[in-house]
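Visitor: Can you make the complete structure from the sequences, with help from the hints?
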Amino acid sequence: MAYVDIVTALALLQFIVFGFRVGGARGKYGIKAPATTGNKVFERYFRVQQNTLELLVAFIPGLYLFGHYFNPLWAAAIGLIYLIGREIYAASYVKDPAKRSAGFGLSFLPAVILIAGGLIGAALRLAGH
Amino acid sequence: MAYVDIVTALALLQFIVFGFRVGGARGKYGIKAPATTGNKVFERYFRVQQNTLELLVAFIPGLYLFGHYFNPLWAAAIGLIYLIGREIYAASYVKDPAKRSAGFGLSFLPAVILIAGGLIGAALRLAGH
Amino acid sequence: MAYVDIVTALALLQFIVFGFRVGGARGKYGIKAPATTGNKVFERYFRVQQNTLELLVAFIPGLYLFGHYFNPLWAAAIGLIYLIGREIYAASYVKDPAKRSAGFGLSFLPAVILIAGGLIGAALRLAGH
Chain A
5 MAYVDIVTAL ALLQFIVFGF RVGGARGKYG IKAPATTGNK VFERYFRVQQ
55 NTLELLVAFI PGLYLFGHYF NPLWAAAIGL IYLIGREIYA ASYVKDPAKR
105 SAGFGLSFLP AVILIAGGLI GAALRLAGH
Chain B
5 MAYVDIVTAL ALLQFIVFGF RVGGARGKYG IKAPATTGNK VFERYFRVQQ
55 NTLELLVAFI PGLYLFGHYF NPLWAAAIGL IYLIGREIYA ASYVKDPAKR
105 SAGFGLSFLP AVILIAGGLI GAALRLAGH
Chain C
5 MAYVDIVTAL ALLQFIVFGF RVGGARGKYG IKAPATTGNK VFERYFRVQQ
55 NTLELLVAFI PGLYLFGHYF NPLWAAAIGL IYLIGREIYA ASYVKDPAKR
105 SAGFGLSFLP AVILIAGGLI GAALRLAGH
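Protein chains in written order, with my numbering: chain A, 5 to 133; chain B, 5 to 133; chain C, 5 to 133.
Any given hint could be a false lead.
Since the list gives no way to pick one copy over another, a pair counts as held whenever it fits inside one copy or between any two copies.
Calculated lysine-lysine pairs in the BS3-like style (CA-CA distance at most 25 Å, straight line) [stated by the list, open to error]:
(1) Lys32 - Lys103
(2) Lys36 - Lys99
(3) Lys103 - Lys36
(4) Lys99 - Lys44
(5) Lys32 - Lys44
Because the hints were derived from the structure by calculation, they are not lab data.
Guide: Put into structure tokens, the structure is as follows:
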């Protein structure tokens with residue numbers, strides 16, 4: 005599972021970087037905590053981080069379920085696509101929220117595949133396969 | 005732990021469905037990203053998803069702790085109550101936020117029981133039981 | 005890993021307490037769900053909980069990665085610093101958001117150390133060390 009663990013750590017660090025960018029946008033656009041609105045570009049950075057939080061919470065357990073019931077290397081490979089998809093999502097959302105779909109799909113689909121795969125794997129295991 | 009893994013995957017998929025409903029409400033009520041306010045019903049869908057995110061983050065580790073120190077089948081059974089409770093919470097919150105308490109309790113209590121059980125189990129293990 | 009499990013359960017319960025405080029502030033300052041703005045002090049309680057959610061999602065996997073590749077006792081000790089740091093963060097943020105840095109650092113750095121340690125540990129394992 006070391007490959008899966010590395011992808012997990014990278015996904016966490018990516019999320020932390022997204023958080024730093026929110027902090028940077030706070031300074032740049034003069035949005036003082038606890039406010040999370042008031043500037044359009046700041047709100048994009050904030051939503052990138054929040055949406056990544058939502059997906060990360062589903063992605064990480066999915067990664068381990070898929071790795072456990074199928075194959076850790078495949079799980080890690082699908083996880084790499086998630087990492088790249090999230091970078092594309094972040095960059096395109098900040099430029100223009102209307103163009104966030106491609107990056108969203110490229111990170112959302114890997115998460116769903118991992119979770120669905122884990123669910124199927126666990127069900128097959130119970131069924132005695 | 006296959007039963008616990010299945011409940012985890014179902015809880016993640018349920019959360020993803022809540023996210024789709026937020027996306028649907030964005031379209032229906034004309035709330036364009038990055039905005040998360042501006043329409044009362046949209047805000048309910050959004051808060052259902054956000055509150056589920058908050059609880060899910062506590063629920064999943066609790067599920068595994070309880071399953072590890074006590075019994076995976078019991079953990080999965082308590083987890084099923086959480087899943088049903090969240091559906092009730094989501095449906096009642098969207099109709100009327102003031103009536104969200106029953107569904108909240110039915111999903112919050114299972115999460116707390118799992119975490120508290122895991123804590124007690126780990127402490128007993130350390131104490132040599 | 006029982007020490008790590010105990011720290012995990014405590015971090016989850018701490019987060020749940022932060023959630024209760026948000027609920028209490030809802031009542032005290034008359035902020036009805038689904039609203040999350042409208043009173044400065046309420047918004048501080050809310051941001052404390054949200055920021056803790058963001059960090060918790062990174063902290064818990066980091067805790068297990070570090071515990072797995074290095075030492076569970078060290079992971080738990082670093083996790084204790086996180087717990088104390090979050091209490092300081094919560095207390096200082098509610099008093100004055102501008103003074104949240106010390107508590108933030110004292111909980112953020114432990115999380116980063118755990119994740120970075122886990123990443124290094126997994127990479128060394130793959131490299132055959």
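Visitor: Take the hints in turn and mark each one as holding or not.
Guide: Checked hints:
In this assembly of identical chains, the alpha carbons of Lys32 and Lys103 lie at most 25 Å apart whether taken from the same copy (23 Å) or from different copies (19 Å). For the homomeric pair Lys36 and Lys99, the shortest alpha-carbon distances inside one copy (22 Å) and between copies (15 Å) are both at most 25 Å. Proximity of Lys103 and Lys36 under a CA criterion of 25 Å is satisfied inter-copy only: 12 Å between copies versus 28 Å inside one chain copy. Taking the shortest alpha-carbon separations for Lys99 and Lys44, only the intra-copy value of 11 Å comes in at or below 25 Å, while the best inter-copy value is 28 Å.
Taking the shortest alpha-carbon separations for Lys32 and Lys44, both the intra-copy value of 12 Å and the inter-copy value of 22 Å come in at or below 25 Å.
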